[in-house]
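Engineer: Read off the chains here:
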Amino acid sequence: MKRHLISAADLTRDDAVLILDTAEEMARVADRPIKKLPTLRGRTVVNLFFEDSTRTRISFEAAAKRLSADVINFSAKGSSVSKGESLKDTALTLEAMGADAVVIRHGASGAPYRLATSGWIDGAVVNAGDGTHEHPTQALLDAFTMRRRLVGPDAGLGRDLEGRRITIVGDILHSRVARSNVHLLTTLGAHVTLVAPPTLVPVGVEQWPCDVSYSLDDVLAKSDAVMMLRVQRERMNAAYFPTEREYSRRYGLDGERMAKMPEHAVVMHPGPMVRGMEITAEVADSDRCTVVEQVANGVSIRMAVLYLLLGGSDTALSAAPARTEENK
Amino acid sequence: MSKIIVRGARILGGEPQDVLIDGETIAEVGTGLDAEGATVIEAEGQILLPGLVDLHTHLREPGREDSETVLTGTKAAAVGGFTAVHAMANTFPVADTAGVVEQVWRLGKESGYCDVQPVGAVTVGLEGKKLAELGAMHDSAAGVKVFSDDGKCVDDAVIMRRALEYVKAFDGVVAQHAQEPRLTEGAQMNEGIVSAELGLGGWPAVAEESIIARDVLLAAHVGSRVHICHLSTAGSVEIVRWAKSKGWNVTAEVTPHHLLLTDELVRTYNPVYKVNPPLRTEADVLALREALADGTIDCVATDHAPHPHEDKDCEWAAAAMGMVGLETALSVVQQTMVDTGLIDWAGVADRMSFRPAAIGRLEGHGRPVSAGEPANLTLVDPAYRGAVDPAGFASRSRNTPYEGRELPGRVTHTFLRGRATVVDGKLA
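Sequences listed follow chains D and Z, in order. Take the first sequence: its position 128, counted from the start at 1, is 128 in full-length UniProt numbering, and no numbers get skipped. Take the second sequence: its position 260, counted from the start at 1, is 260 in full-length UniProt numbering, and no numbers get skipped.
Simulated from the structure, these hints should not be mistaken for laboratory data. Note that beta-carbon positions come from the ideal geometry of N, C-alpha and C, so glycine has one too. Mixed in with the good hints, there may be bad ones.
Cβ pair distances, simulated, as ranges [to be verified]:
{"id": "1", "chain 1": "Z", "residue 1": "Lys129", "chain 2": "D", "residue 2": "Asp254", "range": "46 to 52 angstroms"}
{"id": "2", "chain 1": "D", "residue 1": "Asn73", "chain 2": "Z", "residue 2": "Lys426", "range": "50 to 56 angstroms"}
{"id": "3", "chain 1": "Z", "residue 1": "Ala283", "chain 2": "D", "residue 2": "Arg3", "range": "34 to 40 angstroms"}
{"id": "4", "chain 1": "Z", "residue 1": "Gly404", "chain 2": "D", "residue 2": "Asp254", "range": "41 to 47 angstroms"}
{"id": "5", "chain 1": "Z", "residue 1": "Ala283", "chain 2": "D", "residue 2": "Ala238", "range": "26 to 32 angstroms"}
{"id": "6", "chain 1": "Z", "residue 1": "Val206", "chain 2": "D", "residue 2": "Tyr214", "range": "55 to 61 angstroms"}
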């Protein structure tokens, strides 16, 4: 693994499988009465959130705490510019406080890359979502969820998603989740199809290693997993689509459409969902919908990422279960 | 003023000759000239060009003296081989009145390193709503002939039409920053394969091309001339080529950075590559070179845009757009156009001196290197190779995309009306 996690494109197939396998180990910890490992005792993880995202922040916070790291939450609302302090000065401050890892969420695409490559800090940088660029831990937890559901928690160990057909539906243009998932799922051997109205697909998408379809109905029967992305209502004001209802009719997932999916296929959503827009309550509440599992899996994945970046080397991995035993 | 003799330089890349400068003018050109009483500059192997003229420079004064002043900007110009620069109007306050353009003009006179020809704003405050007093700026001591809202596009078709018509009264020209504003809201980089991957807002080529198409049609309709600033796409080249084939009075410039750099560099998220119009693709770069070589694009203009360090030492979205360019322009043109065989040194003289001076109707610059002409001259050592070191810049700002990059050629001497402003590559 590299020293930072900035883009899902930086992960090799083996890196990604290692993270998923490690996350399985971490998931077992969550099933114990004492959900804590001593691995990162004495290490400091800073959650540097320039955008509000309580869900992602508490997921990283829970992950770091379960590894016994000290956690500092640094919430900087708005951009560094509107706040007056530059990203650089914020980084230097964290460096002075001795951060071993900085988990950064930022509204500007590329901000984590700048943080990792500008020499401002020494610690590991984990991208927790940057602008409309990437959100690699989300893609990892999505892949983890798919592997558990489609292959099995134990049967999946050491395996990737070879040959699985994944459909991602919604605002691809503005979605960091979609970008990270296209990279990661392709690396893991899956075949990705993006579905959106043409206005919400970026110019240049033809170079991505995936298919693009403008029709949800055409691809449902051929999908092992369908991932619905949140579509912000404001988008219709910028003429990306005419009305909320028209979007929902053409690209929303309802019970009737879900019935066209193969029986084993799952419905996923990175949250927060807009019920009635991209997904109906019937689908969101069905057994095939993995939204709640994804949240739980997010903690395991983030534990695995922090563990591998901070505590572990590849060889140290085998020690993880042993420590779990000690902790029992 | 004493005499200077430049010995054995290849004028516009031709056979070695001597050039005798007496006072402010070129006294004699020939071989074996008598050097008695003259300072001798041995220039064997070097190229002698007419002093370079930049149609597009941001000197930032008044208002942003933290990034550049007229004095530091003209020093940078001299180091780059320029003897005249056009100072863009997007200062604080905007150069939209006779008072401001005269202030910039006077500061240029006082600097003594390079002539400064102020550009006047087309509209009040660059807001695109109401024509500025173009006639007053022309009639002022600054004698403005080039008008531009550069940094912003004159996007209202009626305002653009009126401006094109109005400046005909004094042979002025409107230099358009072609950027359809609605198509570029939130734009951060060229829209294409790289922007899709990086998740940065796209600046589509069509936003430039649609304005150029409209403006060449407008210029033809009202019989005016129009100049296109920093043309950056292959499609823009096609439109200008078509307009010229119709005999319309259209001229265009390209920046050195658009002749060399592509949007692939944005993958570093290093804001030193953030510029407007944005870096485009390899295909665009090649089309621009070809267009400059065949004359579709008339000239090279630097769009020298200094910014303080903190405005580039940040995340991409927060960074300012622009690059300094005066001190590296000739080297980039040598690398991309001369060393590639696309043009010769006579071509460089044409694209970096004769034509920009003609477009700006600038007197005393862009003249042939011959007896009786003003001694505005630039001596270049084309064999020089060196890495760009921003720490050594004369400009107050350091936002160059070429740091550490090896570029060919170096200006060894610059003469402004017979006075050496640069000697052996250093400010005199």
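Engineer: So which hints don't hold here, by number, going up?
Structural biologist: 4 and 6
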